[in-house]
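Protein sequence lines correspond, in order, to chains F and D.
Yeah, the first sequence ends on 111 if you go by the numbering used here, and it's all consecutive.
Yeah, the second sequence ends on 146 if you go by the numbering used here, and it's all consecutive.
Please keep in mind that the hints were generated in silico from the structure rather than gathered at the bench.
Positions of the beta carbon are idealized from the N, C-alpha and C atoms, including for glycine.
Keep in mind that a hint or two might mislead.
Computed list of lysine-lysine pairs in DSSO-like fashion (alpha-carbon distance at most 30 Å, straight line) [to be verified]:
| id | chain 1 | residue 1 | chain 2 | residue 2 |
| --- | --- | --- | --- | --- |
| 1 | F | K68 | D | K15 |
| 2 | D | K82 | F | K78 |
| 3 | D | K10 | F | K108 |
| 4 | F | K63 | D | K15 |
| 5 | D | K15 | F | K110 |
| 6 | F | K100 | D | K15 |
Quick partial rundown of chain D residues pointing at chain F, CB under 8 Å, derived from the structure [said to hold, decoys possible]:
| id | residue |
| --- | --- |
| 7 | I14 |
| 8 | D17 |
| 9 | I19 |
| 10 | M21 |
| 11 | N24 |
| 12 | G28 |
| 13 | F30 |
| 14 | D32 |
| 15 | N60 |
| 16 | Y78 |
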Amino acid sequence: MFPERLKTLRSEAKLTQKEIADKLNISQQAYANWEKGKTLPANKNLTKLSEMLNTSTDYLLGKTDKIKKSTFDEDLEKSLKSFHAFSGKTMSENDREAIKQWLIDNFKDKY
Amino acid sequence: MLSKICRKVKELGIKIDYIEMEDNGHFGIFNDLPVILINQNLDKLDISLTILHETAHFLNGDCDKYISNHFQNDNLEYEANKYMIQEIMKMLDEQYDFTTDTNYQQIIDNLNLPYHLDGIIIDEFNNIISDKFGIIPYYETDYFYE
C-alpha cells in the first residue's frame with residue numbers, strides 16, 4: 001500500500017524522486033527504495049513526507065482512505081453538532097458560542 | 001465526593017473543564033475525545049451531579065441517538081438522571097451508611113433536584129436498604145413518575 005500511495009501522490013504533486021530526497025536530506029537511492037517497497041521511512045521522514053504531499057501518515061500507511069487531513073474548521077463543526085441540549089429545549093446561542101470558543105482555545109493550535 | 005467522581009470520569013478518558021455558560025453542563029465529542037463542560041458558577045454538589053449526568057450521556061452513547069424535537073430525548077434525559085442518582089446515592093451510602101432509620105426526605109432536600117426526580121431518589125434509597133437488610137421499608141407512595 002505505502003509504495004503505491006507514495007508514488008501516486010509524488011506524481012500528482014509533480015515532484016521528482018530527487019527533489020523529495022533532497023528535501024529530506026537523503027540519497028535518491030534511499031528514496032527510490034521506499035517506492036520499490038524495499039524499505040520503509042523512519043517516523044520522522046514519514047511525517048515530513050505527509051506534510052510535503054499534503055496528506056496524513058495514516059493515509060500513506062494505508063490506515064485510512066481519507067487522503068486529506070481534516071481541517072480544524074471541519075472538525076469543529078462536527079464536534080459542535082455532538083453537543084446537544086438533551087432536555088428537549090434547544091441550547092442557547094450563548095452556550096453554543098461558549099463551547100465553540102472553548103474548542104478553539106483547546107484544540108486549534110494542534111492543527 | 002467530587003474528587004472521586006472526577007477521578008472516575010478521567011479513567012473513562014473524558015476531559016472535564018469549567019466555563020462560563022447558562023446551562024449546568026454539556027457533553028460532546030471532539031475528534032473521538034469525549035468532553036464535559038461544566039458551568040463554572042456551580043457549587044460542589046451541583047458540579048458532582050452535573051458531571052454524573054453528563055457522564056451518563058457518554059456511557060449511553062447519546063450523541064448518536066439524539067434526534068431534535070423528539071420524545072425519545074426525554075428518555076435520554078430520564079436515563080441520564082437515573083444514572084446520576086444511582087451513583088450519588090451509592091456514594092452517600094458509603095459516606096453516611098444508610099439504615100432503615102435514615103430520613104430520605106433529608107436526602108431529597110439536600111440534593112435539591114427538580115421535584116420530578118424525587119421518585120427515582122426514593123427508589124434508589126429503597127434498593128440500597130433492601131439490598132443491605134433484605135427488607136423493604138415502609139415508604140409513602142404519594143409520589144408519581146413523570
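Here is how each hint holds up against the structure:
no. : hint           : in the structure
1   : F:K68 - D:K15  : holds, 27 Å
2   : D:K82 - F:K78  : holds, 28 Å
3   : D:K10 - F:K108 : holds, 22 Å
4   : F:K63 - D:K15  : holds, 26 Å
5   : D:K15 - F:K110 : holds, 16 Å
6   : F:K100 - D:K15 : holds, 15 Å
7   : I14            : violated, 13 Å
8   : D17            : holds, 7 Å
9   : I19            : holds, 5 Å
10  : M21            : holds, 5 Å
11  : N24            : violated, 10 Å
12  : G28            : holds, 3 Å
13  : F30            : holds, 4 Å
14  : D32            : violated, 10 Å
15  : N60            : violated, 10 Å
16  : Y78            : violated, 10 Å
In terms of the numbered hints stated before, the structure departs from hints 7, 11, 14, 15 and 16, listed from lowest to highest.
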